[in-house]
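Based on the sequences and whatever the hints tell you, model everything.
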Amino acid sequence: DAGITQSPRHKVTETGTPVTLRCHQTENHRYMYWYRQDPGHGLRLIHYSYGVKDTDKGEVSDGYSVSRSKTEDFLLTLESATSSQTSVYFCAIRDRPNTEAFFGQGTRLTVV
Amino acid sequence: ILNVEQSPQSLHVQEGDSTNFTCSFPSSNFYALHWYRWETAKSPEALFVMTLNGDEKKKGRISATLNTKEGYSYLYIKGSQPEDSATYLCARNTGNQFYFGTGTSLTVIP
Chain A
1 DAGITQSPRH
11 KVTETGTPVT
21 LRCHQTENHR
31 YMYWYRQDPG
41 HGLRLIHYSY
51 GVKDTDKGEV
61 SDGYSVSRSK
71 TEDFLLTLES
81 ATSSQTSVYF
91 CAIRDRPNTE
101 AFFGQGTRLT
111 VV
Chain B
1001 ILNVEQSPQS
1011 LHVQEGDSTN
1021 FTCSFPSSNF
1031 YALHWYRWET
1041 AKSPEALFVM
1051 TLNGDEKKKG
1061 RISATLNTKE
1071 GYSYLYIKGS
1081 QPEDSATYLC
1091 ARNTGNQFYF
1101 GTGTSLTVIP
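If you read the sequences in order, they're chains A and B.
All letters in the first sequence, in the order written, are residues 1 to 112 by my numbering.
All letters in the second sequence, in the order written, are residues 1001 to 1110 by my numbering.
Worth double-checking, as some hints may not be accurate.
[To be verified] Capping the alpha-carbon separation at 20 Å, the derived lysine to aspartate or glutamate pairs in EDC-like fashion look like this: (1) B:Lys1042 - A:Glu100; (2) B:Lys1059 - B:Asp1084; (3) B:Lys1059 - A:Glu72; (4) B:Lys1058 - A:Asp38; (5) B:Lys1069 - B:Glu1039; (6) A:Lys53 - A:Glu72; (7) B:Lys1042 - A:Asp38; (8) B:Lys1057 - B:Glu1070; (9) B:Lys1057 - A:Glu100; (10) A:Lys70 - A:Asp56; (11) B:Lys1069 - B:Glu1005; (12) A:Lys53 - A:Glu14.
In case anyone wonders, no lab produced these hints; they're calculated from the structure.
None of the values given here were measured: they were computed from a predicted structure.
Next comes the structure, spelled out in structure tokens:
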């Protein structure tokens, strides 16, 4: 299995609170991605990174920010969580643009 | 740039039947097309990465074809088994970005 770990695995938080999810990899892969999974929508890209301090927005980036200060960690922050951000979040890593992606185990976030 | 569409949305087949799904995508700015298998309560796992028009790839009873000019890919499963039950995702790779379709949910009935 690819060395990719998401933390926490489960979190319940209140509306309006900040939340940070962590994706940690030991593969030294260049590309890292955050997706959210919702019924009827599949996996939707939130943000991605193509190198240390190089990040860009995906299709559903509103309300989310990311940071990548070192190769192995990609952080996803919800500055002020809303109920619409209740979802399962997946991190993925990839070595080169035309190679397969490896996924973390997912983080189930519930905003109440 | 998104518009990765998969059909059908869900499918039920009998054990032993062969089946196929479709992934359609914009043919412009094509870099690669990926197929993933996603079992319930697990993470998606890669099946194929396809880059060239006319590509055909095979892994056991599962195979895939790619037509980049018309923007579609087919995934075939020969002699479906209950363990093939999963959601099959395709993803369009436009270089750095990586966008998924909503998947085809396959249930193989013993």
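Going down the list of hints, with the structure as the test:
Among the hinted pairs, B:Lys1042 with A:Glu100 is consistent with the structure: their alpha-carbon atoms are about 17 Å apart, no more than 20 Å. Restraint check for B:Lys1059 and B:Asp1084: the C-alpha separation of about 13 Å stays at or below 20 Å, so the hint holds. For the hint linking B:Lys1059 to A:Glu72, the alpha-carbon distance of about 31 Å lies beyond 20 Å, and the restraint is violated. The suggested pairing of B:Lys1058 with A:Asp38 is violated, with an alpha-carbon distance near 30 Å, which exceeds 20 Å.
Simply put, B:Lys1069 and B:Glu1039 have alpha-carbon atoms about 31 Å apart, too far for the 20 Å limit, and the pair is violated. At most 20 Å may separate the alpha-carbon atoms for a hinted pair to count; A:Lys53 and A:Glu72 meet this at roughly 12 Å. Note on B:Lys1042 and A:Asp38: the hinted pairing holds, with a Cα-Cα distance of about 15 Å set against a maximum of 20 Å. Restraint check for B:Lys1057 and B:Glu1070: satisfied, since their Cα atoms lie roughly 18 Å apart, inside the 20 Å limit.
Between B:Lys1057 and A:Glu100 the CA atoms are separated by roughly 14 Å; this keeps the pair inside 20 Å, and the hint holds. Our distance criterion of 20 Å between C-alpha atoms is met by A:Lys70 and A:Asp56, whose separation comes to about 16 Å. Distance hint between B:Lys1069 and B:Glu1005 is fulfilled; the C-alpha atoms sit about 16 Å from each other, no more than 20 Å. Of the supplied pair hints, the one linking A:Lys53 and A:Glu14 is violated, its CA atoms being roughly 29 Å apart against a limit of 20 Å.
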